[in-house]
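> Sequence:
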Amino acid sequence: MATGTYVRLTKDQESSLQNITPGELNQPIDVQKQSCAKCEHCGQNLPPSYEPPADEDWATGIFGCTEDVDSCLVGLFCPCVLFGRHMESLNDEISSRGACVGHLVCIEGGIALAALTAAFHGIDPDTACLITEGLLFSWWVCGIYTGMARQMLQRKYHLKDSPCDPCMVHCCLHWCAMCQEHREMKLHLSCNDNPTTTLVDPPPVQEMTTTTQNNDDQVVADSSGKEIVPYEDLERESP
Numbered sequence: 001m002a003t004g005t006y007v008r009l010t011k012d013q014e015s016s017l018q019n020i021t022p023g024e025l026n027q028p029i030d031v032q033k034q035s036c037a038k039c040e041h042c043g044q045n046l047p048p049s050y051e052p053p054a055d056e057d058w059a060t061g062i063f064g065c066t067e068d069v070d071s072c073l074v075g076l077f078c079p080c081v082l083f084g085r086h087m088e089s090l091n092d093e094i095s096s097r098g099a100c101v102g103h104l105v106c107i108e109g110g111i112a113l114a115a116l117t118a119a120f121h122g123i124d125p126d127t128a129c130l131i132t133e134g135l136l137f138s139w140w141v142c143g144i145y146t147g148m149a150r151q152m153l154q155r156k157y158h159l160k161d162s163p164c165d166p167c168m169v170h171c172c173l174h175w176c177a178m179c180q181e182h183r184e185m186k187l188h189l190s191c192n193d194n195p196t197t198t199l200v201d202p203p204p205v206q207e208m209t210t211t212t213q214n215n216d217d218q219v220v221a222d223s224s225g226k227e228i229v230p231y232e233d234l235e236r237e238s239p
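Everything in the sequence shown is counted per this note's numbering, starting at 1 for the first residue and increasing by one.
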């Protein structure tokens, strides 16, 4: 083992350490961040040559409710059920029952309260005014919430804002918008369930032919050219 000697530093040699602050050598280095687009679903960086797909038109119009009678009836009498199905398919964290109950309390409950307010004329005018303002505000909030669901659908299938902003569509044409969204989702789901398949012909069957020979005449030759007599022939030749 090599031996060493301890050399004591002088004051002049130690003075250079006074300019070093603790942790100065462990400071992070500034690295220029890459300015590139990221995928909205997985967050991965996209190549510079990537171009997002262009937005397409809706398959059906906002007033095409008669094209699907079943969804039209469900959206007219039970829009909460239709909304629950939409949210469950768009967001895995939201259940169909939770979205249905939320829509039932906010939309259907508000409509029922407005009908009761209009039915009873003995309510104080100031109270009726407050109830009306509350109903209008809740309708505006519900329009924003349901409009956000429509935006999720548009981003998923690359659809245009038709006929206008999603929140405004639900504020003015809530029932028609629900039916249109259901028809669009139904169309895309049916396309995904029936993908185009390519038919490939199976390879031809190859038949193998076997030749039968008598064991007495069977002779096998090895790589050196010598003939190998089968074991049965050796037993037959032995005395």
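Mixed in with the good hints there might be a few duds.
What the hints assert, rightly or not - Straight-line Cα separation of at most 30 Å, DSSO-like style, residue types lysine-lysine; simulated pairs:
| no. | residue 1 | residue 2 |
| --- | --- | --- |
| 1 | K160 | K38 |
| 2 | K186 | K38 |
| 3 | K38 | K156 |
| 4 | K160 | K186 |
| 5 | K156 | K186 |
No lab work stands behind these hints, which were simulated from the structure alone.
Since this is a predicted model, take the numbers as computed values, not measurements.
> Does K38 lie within 30 Å of K186 when you go C-alpha to C-alpha?
holds, 29 Å
> Need the status of pair K160, K186: alpha-carbon distance at most 30 Å?
The hint holds at about 18 Å.
> Take the C-alpha atoms of K156 and K186, compute the straight-line distance between them, and say whether it is at most 30 Å.
holds, 14 Å
> Going straight from one Cα to the other, do K160 and K38 come out at no more than 30 Å?
OK: K160 and K38 at ~21 Å, within 30 Å.
> Holds or violated: K38 with K156, Cα cutoff 30 Å?
This hinted pair holds, its Cα atoms lying about 15 Å apart.
Checked against the numbered hints given earlier, the structure satisfies every one of them.
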